[in-house]
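There are 2 protein chains.
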Amino acid sequence: MKAETISIGTELLLGHITDTNAVWIAERLSEVGVDLYFRTTVGDNIGRIADAITHALTRADVILTTGGLGPTVDDVTREAVAQATNRDLVLDEELLAQIRARFAKWGREMSENNVKQAYIPRGAIPIENPVGTAPVFIVETEGKYVISLPGVPREMKHLMETRILPWLREKTGGEWIILSKTLRTCAIGESMVDAKIADLETSTNPTVGLLAHPGQTDVRVTAKAKTRAEAETLIAAMEAKVRERLGDWIYGEGSETVEEVVARLLAARNWRIAIAETNTAGKIAERLRARPEGARIVKSAMLLDNVTELSEQNAATIAEQLRNVAGADIGLAVLGTTNPAQNLYGEDTGQSVIAVATGTRTTRHAYSVGGINEQAQIWVSIRALDLVRRAAL
Amino acid sequence: MKAETISIGTELLLGHITDTNAVWIAERLSEVGVDLYFRTTVGDNIGRIADAITHALTRADVILTTGGLGPTVDDVTREAVAQATNRDLVLDEELLAQIRARFAKWGREMSENNVKQAYIPRGAIPIENPVGTAPVFIVETEGKYVISLPGVPREMKHLMETRILPWLREKTGGEWIILSKTLRTCAIGESMVDAKIADLETSTNPTVGLLAHPGQTDVRVTAKAKTRAEAETLIAAMEAKVRERLGDWIYGEGSETVEEVVARLLAARNWRIAIAETNTAGKIAERLRARPEGARIVKSAMLLDNVTELSEQNAATIAEQLRNVAGADIGLAVLGTTNPAQNLYGEDTGQSVIAVATGTRTTRHAYSVGGINEQAQIWVSIRALDLVRRAAL
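Going down the list, the protein sequences come from chains Z and V. One gets my numbering by counting positions in the first sequence from 1 and adding 3 to each. One gets my numbering by counting positions in the second sequence from 1 and adding 3 to each.
These aren't lab readings, by the way, just hints derived from the structure by calculation. Among these hints, one or two may not hold up.
Identical copies look the same in the list; a pair holds intra-copy or inter-copy alike.
[To be verified] Once the Cα atoms are required to be at most 25 Å apart in a straight line, the calculated PhoX-like pairs of lysine-lysine come out as:
hint	residue 1	residue 2
1	LYS199	LYS108
2	LYS199	LYS119
3	LYS160	LYS199
Bound-form chain Z, shown alone (with noise of 0.2 Å):
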């Protein structure tokens, strides 16, 4: 069953108001297996929003739209729904007698404007909204249906978990179980990534997904099934494939930072480490002490002013020198330019160089990347953090 979610709100479209409801709606749907493959944005524009639904009625079995079902002269939907139907609205005595009630519960004063909200298309079931005063309406169309929910959130999530969602789960056939499984990767490029591993990224169950972030890349593994040990069992299957390819590249799995996995590596062989920094300014020795472990593992921390010899070798000195003055187990050197005008996307890129110190044995590596700008610190403190964690592994 093919999905589409219409979020109506010039607020909304203006990105005045965040759209909280479409990716809540958006979780749920996928959760009684109904496939979710557009949302549109519109304002409070009867033109368009019966647009909007028509154009959803060629490619979506089921339409959701949310919001404009108040009682003022911005709340169009109903109108939207009957045009877009070609159907007209009717009162139905039966809800306004609900508002009605309602209102004179409450002791407070029901406006005209809201005897409107007791009008739905011609046809349409009505189900009464015990959360608020806008009924909820569902028009079935040439075997299709949609269904108009109020925009306020409790009152569109009560109507949704009650209601509908229940009735969706009676049209699909049941329950299906959604898992994920992200595996982390870092100081390896995102078209690197996707080259090793693109013929993985074609799998319609479980799907492979990438998602950049600044200096390192997340691969997503989804699987849908009835049962939840299907999909873990469909998810463990495509991570052995997507490990076989990407080997150490994978530093940890789901949320984990390179600090919060280095963190714990250190700590579990009681190691700790000195640092000396450059252009990084202090903030890889501010990532690991920010961890649980941090003053366990972090022996000491140095900046670095006037290094003028960016050299490997200059670089593994100062780490191995730095391990034996400051008695720490693991030394790490980060050497990089710190001119302002330089950027990751800019004519100079600049440059660093990076040493690790183990005792048995110094690694060194040199990047085209530098300077004190955010992106490049980033950049450069995650490679660091890398070259710590294969050490330590």
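For this one, chain Z is given, so just place chain V on it according to the hints.
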């Protein structure tokens, strides 16, 4: 000039990441005089993206897509635009050279899949992307424009600011100023506000929209003009009409809260308030104490248990006596039912009585709203603060 934005990405559609791009673009478009009428969100599928573009071409003059221009298997915007505009993709040698050069400068290995980023729809105008690898392109078809931008926010914004917005500004004939002013009402239902200003809500410039919040309703007036002065004049004229209709239902402007306004009023008069609460559980005193004037204006605050008589007379007596005992200038008593089963939308909506004693006058009101859940507490708190406001004016 009418615009539509198409946000491309399965992660966006399913709500795994927030679509900040569409909101940012919406705001920038209004500044250059382009009207945004639809926003569509669609996943990484050539057929569905093409469907969205094709339909957008029937109702907009300029279509802006974001996302799907990367080098991975899931990046299919190029193919979709080509399909929707009935043309093939061609390799642009100059774009390819630019991409190669950028990788060489970074000292990073260019992947074979990056080559696909140099393909653009035949006849498209390529625009180099100096802050990423994905070139941007504009396709002109039947007098309309499809502009494809990267999904990475900083890249998209840079290209919009430096290339696309200036280009659009030329096409629409100049800069527009969009100004908004919000008038805040409380203690009056949304439908009542709408009933009083319904004809004003049909205005097209300025526009007048309602935004409902728990216990209060905003009226937002938005004007569009060539100069700031013109926009301000339009807003002022409409504001005058709205104020004429709503009078002192309007308690403030912008983002002012009721407690903010009340605290300012009390401090200006050097008044101190003594508060006794039941079902609102101290939240009214909390709201006032949190204001900068808090310590100066709240003389005393207490919670009452076991108030059995919920009458206006009892509330008035408590407010007056509390004022005397505490030596305050104004006394507020809020007596409400405390049954956990009561809620705004249930069988039993509860009751409250509120009284405000100023020494010269005691006002009192009864409401069919009570209970201890958050919604009811907000509703009653705002009513109480509004009564204090009116007493202090």
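Which hints from the list above does the structure break, by number from lowest to highest? 3
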